[in-house]
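Please take these sequences and the hints and turn them into a complete structure.
Each protein sequence line maps, in turn, to chains F and Z. According to our numbering, the first sequence is numbered sequentially starting from 13. According to our numbering, the second sequence is numbered sequentially starting from 13.
Certain hints may be false.
Where chains are identical, the list cannot tell them apart; a pair therefore holds if satisfied intra-copy or between any two copies.
As the list claims (entries may be wrong) - Calculated cross-link-like contacts (lysine to any residue; reagent style SDA-like; alpha-carbon spacing at most 25 Å):
hint	residue 1	residue 2
1	126	144
2	102	199
3	102	90
4	102	142
5	136	204
6	136	90
7	37	196
8	80	111
9	102	174
10	34	78
11	37	47
12	136	59
13	102	29
14	126	136
15	126	209
It is worth saying that the hints were derived from the structure and are not from the lab.
Number of protein chains: 2
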Amino acid sequence: MPRTTADRRAPPAGPGRRERNKRDKQNRIIGAARALFQSQGYGQTTLGQIAAAAGVGTGTLFLYASSKEDLVVLVFLDEMSGVVDASFKKRARPAAVLEQLQSFLHGIVAYHAKDLELARALMKELTFLSNPERTRSVTRVADAIIERIREILEWGVAQGEIDLSRIDLVARIMFSVFYQQQLAWLSGFLSREQLDDNLNAMLDHLLRG
Amino acid sequence: MPRTTADRRAPPAGPGRRERNKRDKQNRIIGAARALFQSQGYGQTTLGQIAAAAGVGTGTLFLYASSKEDLVVLVFLDEMSGVVDASFKKRARPAAVLEQLQSFLHGIVAYHAKDLELARALMKELTFLSNPERTRSVTRVADAIIERIREILEWGVAQGEIDLSRIDLVARIMFSVFYQQQLAWLSGFLSREQLDDNLNAMLDHLLRG
DNA sequence: TGATAAAACTGAATCTATTCATTTTTACCT
DNA sequence: AGGTAAAAATGAATAGATTCAGTTTTATCA
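Listed below in structure tokens is the structure:
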């Protein structure tokens, strides 16, 4: 059915064709990359495969991510945010502050444990960002974790369970400890059990103020 | 002067020709890599250049390091140990425990600050080791830092300046904090000033037990 | 001393991420 | 509608790390 003059509508208020195409393409790229990373492993997946699966040229990938590593962040950072939220909601409750913290953080660790190679690649790039444009997004996730820790601590103080004066500072220290211990685990310096033990001991000490 | 039968000595007790050659070659490789990394930058230096400068084939490099990243560790890990020792010796003294800790850790930061690109490459590979054979060496450096922190803390306790029950645990927490904050700085999430401020506040809090 | 096997070495070939000159698509204007 | 310039997309070309089949060196032993 050919379009006639009568078909003309008001200029579409929404995103134009160009922007829509870009989003579609980005979604295809992210979807293809996620599927391949998860089914074949990060290292085994080539950009050529991702481009083919997404139906774009290889060069096109670089319009959306600055490198293969950056692509991992593009693909999984949103998911990370979801994991943080979910793990916070699902944390052990009612329970002592220490148990809540452990439960929350272990939820994050459990997510990474499902695919260690991918977790390594993701954390590696999160830690050593190659694309400065991603800084804000990464900071947001880190801040979200710190904020969740802070909420748990405040709850403990309100319950009279613990007595901390500088909650913000303690929350940031706890995040540092969590982050570094998680890296040590992902890099093979610690077993999962050692990670749990260390975190347990360190958080417990920090709670005693 | 041609070698005669009379020249024959007892079988050399020391390393044989094979081992000596290997060491020579490794020294040449390490020297060439260090020189090029420092003069041109890590990213600009190719393995071809290193091999040429060391007078070996490119394939030979992979008999000594498992990758370009691993080569950085091979080249600079020894130096790191020296830096830790030197920084410990040169630390502010006599001074309060907090100042000694700051002085010690800032010495390490100052070393990295001399060449940020190299520091990034080194810390990236230390954190996400690709060559498992290097695990022991890396652990040794980390343990050395923790041990130095512990010594300073013990000195403080002996002086009656601080009152910490679990010194080992606190030392490990401090290392975690230091490590993570240093990564955040190297990755551009923190300025040098923020790094200093954060470390100062966190260490101070940890000292108050 | 010569023969033999193991170890070390080599650099050309391979494999992929990344770049870039060219082409295609889109938005905008008359 | 047609013309134009900017934006997006493309994939062949490039570059550089890594591999590997073949060569050289070293140690060992008859």
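Verification of the hints:
Proximity of residue 126 and residue 144 under a CA criterion of 25 Å is satisfied inter-copy only: 21 Å between copies versus 28 Å inside one chain copy. Within a single copy, residue 102 and residue 199 get their C-alpha atoms no closer than 27 Å, and across copies no closer than 32 Å, so neither meets the 25 Å cut-off. Proximity of residue 102 and residue 90 under a CA criterion of 25 Å is satisfied intra-copy only: 18 Å inside one chain copy versus 45 Å between copies. In this homomeric assembly, residue 102 and residue 142 never come within 25 Å of each other (Cα to Cα): the closest approach is 33 Å inside a single copy and 35 Å across copies.
In this assembly of identical chains, residue 136 and residue 204 lie within 25 Å of each other by CA distance both inside one copy and across copies; the values are 18 Å within and 21 Å between. In this homomeric assembly, residue 136 and residue 90 come within 25 Å of each other (Cα to Cα) both inside a single copy, at 16 Å, and across copies, at 23 Å. Taking the shortest alpha-carbon separations for residue 37 and residue 196, neither the intra-copy value of 36 Å nor the inter-copy value of 32 Å comes in at or below 25 Å. Within a single copy, residue 80 and residue 111 get their C-alpha atoms no closer than 38 Å, and across copies no closer than 43 Å, so neither meets the 25 Å cut-off.
Taking the closest pair of Cα atoms, residue 102 and residue 174 come within 25 Å of each other only inside a single copy of the chain (22 Å); across copies the shortest separation is 39 Å, beyond that limit. For the identical chains of this complex, residue 34 and residue 78 are intra-copy neighbours only, at 16 Å inside a copy versus 40 Å across copies, given an alpha-carbon limit of 25 Å. Within a single copy, residue 37 and residue 47 get their C-alpha atoms as close as 15 Å, which meets the 25 Å cut-off; across copies the closest is 45 Å, which misses it. In this assembly of identical chains, the alpha carbons of residue 136 and residue 59 lie at most 25 Å apart whether taken from the same copy (19 Å) or from different copies (23 Å).
In this homomeric assembly, residue 102 and residue 29 never come within 25 Å of each other (Cα to Cα): the closest approach is 41 Å inside a single copy and 64 Å across copies. For a Cα distance limit of 25 Å, the shortest separation of residue 126 from residue 136 qualifies both inside one copy, at 17 Å, and across copies, at 23 Å. When the C-alpha separation of residue 126 and residue 209 is checked against a cutoff of 25 Å, the pair qualifies only within one copy, where the shortest distance is 20 Å, while the shortest distance between copies is 37 Å.
Figure legend: structure checked against the earlier numbered hints; hints not met, in rising order: 2, 4, 7, 8 and 13.
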